[in-house]
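Protein chains: 2
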Amino acid sequence: MKTAPNILALADALAHMDIGAAQMLLHELQSIDVAEALEQLPVESSSLILMQLPKRAKVYAAMHAAYQARLAQLLSRADLATIVTEMPADKRTDVFKALAPSEQVALLPALAQAKREDLRRLAEYQEGTAGAIMTSEYATLRAEMSIAEAIDFLRQEAPDAETIYESYIIDEQQQLLGEISLHQLILAPVDANVGALMATDIVYAYVDDDQDDVAKKIARYDLLALPIIDRQHRLVGIVTYDDAMDVASEEANEDFLKSAGVEASAPTLNLKQTPLFQLYKKRVFWLVILVFGSLLSGLGIAHFESIIESNIVLVFFLPLLVGSGGNAGSQSATLMVRALATGDVVLKDWLLLLGRECLVALALGVTMAMAVAVLGYIRGDAMVALVLILSMIGIVLIGSVIGMSLPFILNRLNLDPASASAPLVTSICDATGVVIYLCIAAQLLPQI
Amino acid sequence: MKTAPNILALADALAHMDIGAAQMLLHELQSIDVAEALEQLPVESSSLILMQLPKRAKVYAAMHAAYQARLAQLLSRADLATIVTEMPADKRTDVFKALAPSEQVALLPALAQAKREDLRRLAEYQEGTAGAIMTSEYATLRAEMSIAEAIDFLRQEAPDAETIYESYIIDEQQQLLGEISLHQLILAPVDANVGALMATDIVYAYVDDDQDDVAKKIARYDLLALPIIDRQHRLVGIVTYDDAMDVASEEANEDFLKSAGVEASAPTLNLKQTPLFQLYKKRVFWLVILVFGSLLSGLGIAHFESIIESNIVLVFFLPLLVGSGGNAGSQSATLMVRALATGDVVLKDWLLLLGRECLVALALGVTMAMAVAVLGYIRGDAMVALVLILSMIGIVLIGSVIGMSLPFILNRLNLDPASASAPLVTSICDATGVVIYLCIAAQLLPQI
Chain A
647 MKTAPNILAL
657 ADALAHMDIG
667 AAQMLLHELQ
677 SIDVAEALEQ
687 LPVESSSLIL
697 MQLPKRAKVY
707 AAMHAAYQAR
717 LAQLLSRADL
727 ATIVTEMPAD
737 KRTDVFKALA
747 PSEQVALLPA
757 LAQAKREDLR
767 RLAEYQEGTA
777 GAIMTSEYAT
787 LRAEMSIAEA
797 IDFLRQEAPD
807 AETIYESYII
817 DEQQQLLGEI
827 SLHQLILAPV
837 DANVGALMAT
847 DIVYAYVDDD
857 QDDVAKKIAR
867 YDLLALPIID
877 RQHRLVGIVT
887 YDDAMDVASE
897 EANEDFLKSA
907 GVEASAPTLN
917 LKQTPLFQLY
927 KKRVFWLVIL
937 VFGSLLSGLG
947 IAHFESIIES
957 NIVLVFFLPL
967 LVGSGGNAGS
977 QSATLMVRAL
987 ATGDVVLKDW
997 LLLLGRECLV
1007 ALALGVTMAM
1017 AVAVLGYIRG
1027 DAMVALVLIL
1037 SMIGIVLIGS
1047 VIGMSLPFIL
1057 NRLNLDPASA
1067 SAPLVTSICD
1077 ATGVVIYLCI
1087 AAQLLPQI
Chain B
647 MKTAPNILAL
657 ADALAHMDIG
667 AAQMLLHELQ
677 SIDVAEALEQ
687 LPVESSSLIL
697 MQLPKRAKVY
707 AAMHAAYQAR
717 LAQLLSRADL
727 ATIVTEMPAD
737 KRTDVFKALA
747 PSEQVALLPA
757 LAQAKREDLR
767 RLAEYQEGTA
777 GAIMTSEYAT
787 LRAEMSIAEA
797 IDFLRQEAPD
807 AETIYESYII
817 DEQQQLLGEI
827 SLHQLILAPV
837 DANVGALMAT
847 DIVYAYVDDD
857 QDDVAKKIAR
867 YDLLALPIID
877 RQHRLVGIVT
887 YDDAMDVASE
897 EANEDFLKSA
907 GVEASAPTLN
917 LKQTPLFQLY
927 KKRVFWLVIL
937 VFGSLLSGLG
947 IAHFESIIES
957 NIVLVFFLPL
967 LVGSGGNAGS
977 QSATLMVRAL
987 ATGDVVLKDW
997 LLLLGRECLV
1007 ALALGVTMAM
1017 AVAVLGYIRG
1027 DAMVALVLIL
1037 SMIGIVLIGS
1047 VIGMSLPFIL
1057 NRLNLDPASA
1067 SAPLVTSICD
1077 ATGVVIYLCI
1087 AAQLLPQI
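Going line by line, the protein sequences match chains A and B. Taking this note's numbering, I'd label the letters of the first sequence as residues 647 to 1094. Taking this note's numbering, I'd label the letters of the second sequence as residues 647 to 1094.
Derived by calculation from the structure, the hints in this document are not laboratory data. Do not rely on the hints blindly, as some may be mistaken.
No distinction is drawn between identical chains; accordingly, a pair holds when it is met within one copy or between any pair of copies.
In silico EDC-like cross-links for lysine to aspartate or glutamate, where the CA-CA straight-line distance does not exceed 16 Å [claimed, not checked]:
hint, residue 1, residue 2
1, 863, 847
2, 862, 892
3, 704, 868
4, 701, 847
5, 862, 888
As the structure is a computational prediction, the values presented were derived from the model and not from experiment.
With the rest of the complex left out, here is chain A (with noise of 0.2 Å):
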């Protein structure tokens, strides 16, 4: 019952081909740790192994995409149609979609046809979709059943459908009726009728859904399972609770790094596995494109250029000022960011939200603005601090308003509102911050 300890024992056994030892602790392990243990050894060491493996299906479907696909290779034909016979619908079409064109000609034929047929209709869902993330296994009823006969249809279903615990209830159209749970099934007197007793306040996405929102209708109504609908109302497929959980975290995953201007999309990055090119190309773009955004806080300052010669002591505080605006702009781009992400905010709060912002920020920037008018007044002079104080304010302000702001008017224009990344609107505020700074020193500073 110990898994960690059995993990090292497992990789040891492994590592001397000691199969007997591993055959042993294989048994009592979960299949991802299987997985692991196996993702350690050359591919031509577990490919003997897993075909040795009750729970060969389990473990190759935990396994990463790429070792996967490198094991897809070695193994016989046979073999791999055997692995992804067994494994449930959904896994099975990630698996054969990761395939190369060639070897997904060659598994087809080995594949029986009603599994050939479902795989061929799964593949086509476009990723991101309900349909791409669904499983077509599911446990259906007729509502003129009685509940003895249900669960002893259920009973025979079981082996194949991906949970029984939420069965859905569709007449000869294929059209959804209603759900019944198998919680609701035990309860119930055996002679009671199922389309009495199933609920039809169903709530259900269709298949052209985004995958996040079907990962947020499963979180919201924390369902088993969500019915996946087509536009005619007919029932395809399940998506079950644990793929919306790796959903789910995927998406927060893309989020976190868009925030920092990385490209993210599935598949996540691995920074161990990902190739350098890879790592490099998703990180370039927006470095490259800060580039030319930061120019604009150089020809904000070019354009002073005279004030700046006059008074030196002014480049002392510009990192300080502008970063200033940066910092409190990121901090309300990435709490509006979330509050759109988990829709807690939508598009007509964003009035009030201002409003609410310019407070805050007018306090966060008269509290700044104090602890750099002492600084100011040491380095430079009376003049210096007050030009300090009053840049202060504005560019808290102005910087706060631009971040806040900027998640909005890309949702609002149906981009995603996560790319306004902390180094975007960092460097918006940044020119931003030169031009309040230098604007309000032009006034009040002497200049030769």
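Let chain A serve as the given structure and place chain B on it in line with the hints.
The following block gives chain B in isolation, referenced to the frame of chain A:
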């Protein structure tokens, strides 16, 4: 079945106090939708409607903590006791903990003794641990039961348990021996023995484990529920997948806000409802710290004041060069914080990752250096272009290394790596960038 229009109709009916229409609509809606509709109303109106609802406990449990607290003050002690008695044990504990001490004292005598003792026990676990999110209402079986007996037993216990899809087998000392799913029970021959069929390779957590680790285990092993045991290996509760999803999204939210230097701790910030002073407090700390951080850049500039006065063109490129280091650094830090949070990367990988990062950063630096070299030549001369090239490569390289290392160092010091927020990394990289840029300039450019 069309949820969204129903919610609008409900809000309308409620606003006109059309109780008949509202009741019809309420019957068809999910608890969380009803909760949100009621939250739009003054607490006086919703308290009246709430008590009429058959699903009142579920609706109350789905409300935000602040609204729950206001309702709790308004409801009679008997009504509140009725509602919390009908709630699941974990939700009941959350409500109880949010009450003022005087209200807690008033509520306890109104509860049945068993609930009262259970509540006291659950409320004692520290926030953030498995104990604080677990429920004490789980289904247990004995190893010696037959399958038929077990299913009968669950039928009787079901109304109280949070889930009957996983049952836990314990001995007289409450020691956890195994688990069995309802799926297995349904499929098994009725005269078989629970002890013979139960799984003994159970994934579990300790009651004082971090709630984040609990959520990760549930996601990793695709569990419906995770048993929680004390240090004597006695079963004390379970955490279900839906609570794990809430924890995971809360933790992702916190990390996200920390990345922008916003202090985040449960309960999660709600931009619309959090008092303004709270928002101010959560943001001001890092902003003021960063003001002083930026002073480092200022000091760097002060040290090189004469080279700047001699070559005022350097100021034009200052925001660009310094910003690029900060941007590259915050990208690296974000990638690393995420990799540590998702467990993709562990401490011993540091040297490998640092090597990879240097190569990527070098490539990024060279790309960006080419972009600015042209500008340097146009605005200055060949020497200025050379200064820019060397500075850009050095700044991006060192910025990336800082961004990559800081989360590791924080982790090593047992601090939260997510505190290596973009603003913190940016301000350290900024100061380093200033020094690198002006040092190189001082070597290569003429000084008056």
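Each hint, compared with the structure:
no.	hint	verdict
1	863 - 847	within (14 Å within a copy, 32 Å between copies)
2	862 - 892	both (12 Å within a copy, 11 Å between copies)
3	704 - 868	between (25 Å within a copy, 12 Å between copies)
4	701 - 847	between (38 Å within a copy, 14 Å between copies)
5	862 - 888	both (13 Å within a copy, 12 Å between copies)
In the structure shown, no violation is registered for any of the earlier numbered hints.
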